[in-house]
Amino acid sequence: MFAPRIIISAAHGRSGKTTVSIGLAAALAKRGLKVQPFKKGPDYIDPSWLTAAAGNYCRNLDLFMMGQDGVRNTFLTASRSADINIIEGNKGLYDSIDIEGENSTANIARILNSPVILVIDSARMTRGIAALVNGYKNFEPDINITGV
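So the sequence shown is residues 229 to 376, counted in the numbering used here.
Heads up, some of the hints might be wrong.
Stated by the list, open to error - Each computed EDC-like pair below joins lysine to aspartate or glutamate, with the alpha-carbon atoms no more than 20 Å apart:
{"no.": "1", "residue 1": "K258", "residue 2": "D311"}
{"no.": "2", "residue 1": "K258", "residue 2": "D271"}
{"no.": "3", "residue 1": "K262", "residue 2": "D297"}
{"no.": "4", "residue 1": "K262", "residue 2": "D274"}
{"no.": "5", "residue 1": "K262", "residue 2": "D323"}
{"no.": "6", "residue 1": "K262", "residue 2": "E328"}
{"no.": "7", "residue 1": "K365", "residue 2": "D311"}
As the list claims (entries may be wrong) - Pair ranges (Cβ atoms, derived):
{"no.": "8", "residue 1": "A280", "residue 2": "N362", "range": "34 to 40 Å"}
{"no.": "9", "residue 1": "K262", "residue 2": "V376", "range": "22 to 28 Å"}
{"no.": "10", "residue 1": "N341", "residue 2": "G363", "range": "20 to 26 Å"}
{"no.": "11", "residue 1": "T302", "residue 2": "S350", "range": "29 to 35 Å"}
{"no.": "12", "residue 1": "A358", "residue 2": "K258", "range": "14 to 20 Å"}
{"no.": "13", "residue 1": "R355", "residue 2": "I325", "range": "20 to 26 Å"}
{"no.": "14", "residue 1": "I325", "residue 2": "T247", "range": "21 to 27 Å"}
{"no.": "15", "residue 1": "T279", "residue 2": "I327", "range": "19 to 25 Å"}
{"no.": "16", "residue 1": "A280", "residue 2": "P343", "range": "23 to 29 Å"}
{"no.": "17", "residue 1": "R355", "residue 2": "R308", "range": "42 to 48 Å"}
{"no.": "18", "residue 1": "K262", "residue 2": "N362", "range": "33 to 39 Å"}
{"no.": "19", "residue 1": "A358", "residue 2": "G251", "range": "21 to 27 Å"}
{"no.": "20", "residue 1": "T354", "residue 2": "T305", "range": "26 to 32 Å"}
{"no.": "21", "residue 1": "T354", "residue 2": "G295", "range": "19 to 25 Å"}
FYI, nobody ran anything at the bench for these hints, they're computed from the structure.
These numbers come from a predicted model, not from an experiment.
Glycine is no exception: its CB is placed at the ideal position from the N, C-alpha and C atoms.
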């Protein structure tokens with residue numbers, strides 16, 4: 229599957245994923261790249277902002293409603309003509325409605341073989357951020373966290 233892509237995720241909700249995703253989409257679109265935005269889950273507010281920033285209609289990727297094949301097919305269809313695909317996660321990277329993480333952003337990263345940028349709200353943190361990031365990188369080693 230060749231479609232340049234990145235997932236923007238975080239340690240928890242309200243960490244700044246949407247702000248980073250919108251800023252990145254707008255900056256890349258301003259440089260003339262065709263940006264295809266995606267949002268994990270059944271959301272409508274964040275996709276509206278991502279659509280405006282990218283200048284391209286945002287698609288939802290919802291494992292609960294679509295299953296793995298539906299997520300993969302939606303991504304492949306919508307990403308075909310894009311220069312870059314930005315997938316904004318929801319909640320924390322490993323969070324899900326089930327204990328196994330079947331519906332997590334991490335599982336979407338696994339299905340789409342996508343690298344992940346982890347957004348960390350580092351307010352009132354110093355050295356502890358290293359332990360947090362190390363824990364996220366090692367929790368599921370097959371998840372490719374490429375940036376923080």
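The hints, checked one at a time:
{"no.": "1", "hint": "K258 with D311", "in the structure": "holds, 13 Å"}
{"no.": "2", "hint": "K258 with D271", "in the structure": "violated, 25 Å"}
{"no.": "3", "hint": "K262 with D297", "in the structure": "violated, 25 Å"}
{"no.": "4", "hint": "K262 with D274", "in the structure": "holds, 19 Å"}
{"no.": "5", "hint": "K262 with D323", "in the structure": "violated, 30 Å"}
{"no.": "6", "hint": "K262 with E328", "in the structure": "violated, 35 Å"}
{"no.": "7", "hint": "K365 with D311", "in the structure": "violated, 27 Å"}
{"no.": "8", "hint": "A280 with N362: 34 to 40 Å", "in the structure": "holds, 36 Å"}
{"no.": "9", "hint": "K262 with V376: 22 to 28 Å", "in the structure": "holds, 27 Å"}
{"no.": "10", "hint": "N341 with G363: 20 to 26 Å", "in the structure": "holds, 22 Å"}
{"no.": "11", "hint": "T302 with S350: 29 to 35 Å", "in the structure": "holds, 33 Å"}
{"no.": "12", "hint": "A358 with K258: 14 to 20 Å", "in the structure": "violated, 33 Å"}
{"no.": "13", "hint": "R355 with I325: 20 to 26 Å", "in the structure": "violated, 33 Å"}
{"no.": "14", "hint": "I325 with T247: 21 to 27 Å", "in the structure": "holds, 25 Å"}
{"no.": "15", "hint": "T279 with I327: 19 to 25 Å", "in the structure": "violated, 33 Å"}
{"no.": "16", "hint": "A280 with P343: 23 to 29 Å", "in the structure": "holds, 25 Å"}
{"no.": "17", "hint": "R355 with R308: 42 to 48 Å", "in the structure": "holds, 44 Å"}
{"no.": "18", "hint": "K262 with N362: 33 to 39 Å", "in the structure": "holds, 36 Å"}
{"no.": "19", "hint": "A358 with G251: 21 to 27 Å", "in the structure": "holds, 25 Å"}
{"no.": "20", "hint": "T354 with T305: 26 to 32 Å", "in the structure": "violated, 45 Å"}
{"no.": "21", "hint": "T354 with G295: 19 to 25 Å", "in the structure": "violated, 42 Å"}
When each numbered hint is compared with the structure, violations occur for hints 2, 3, 5, 6, 7, 12, 13, 15, 20, 21.
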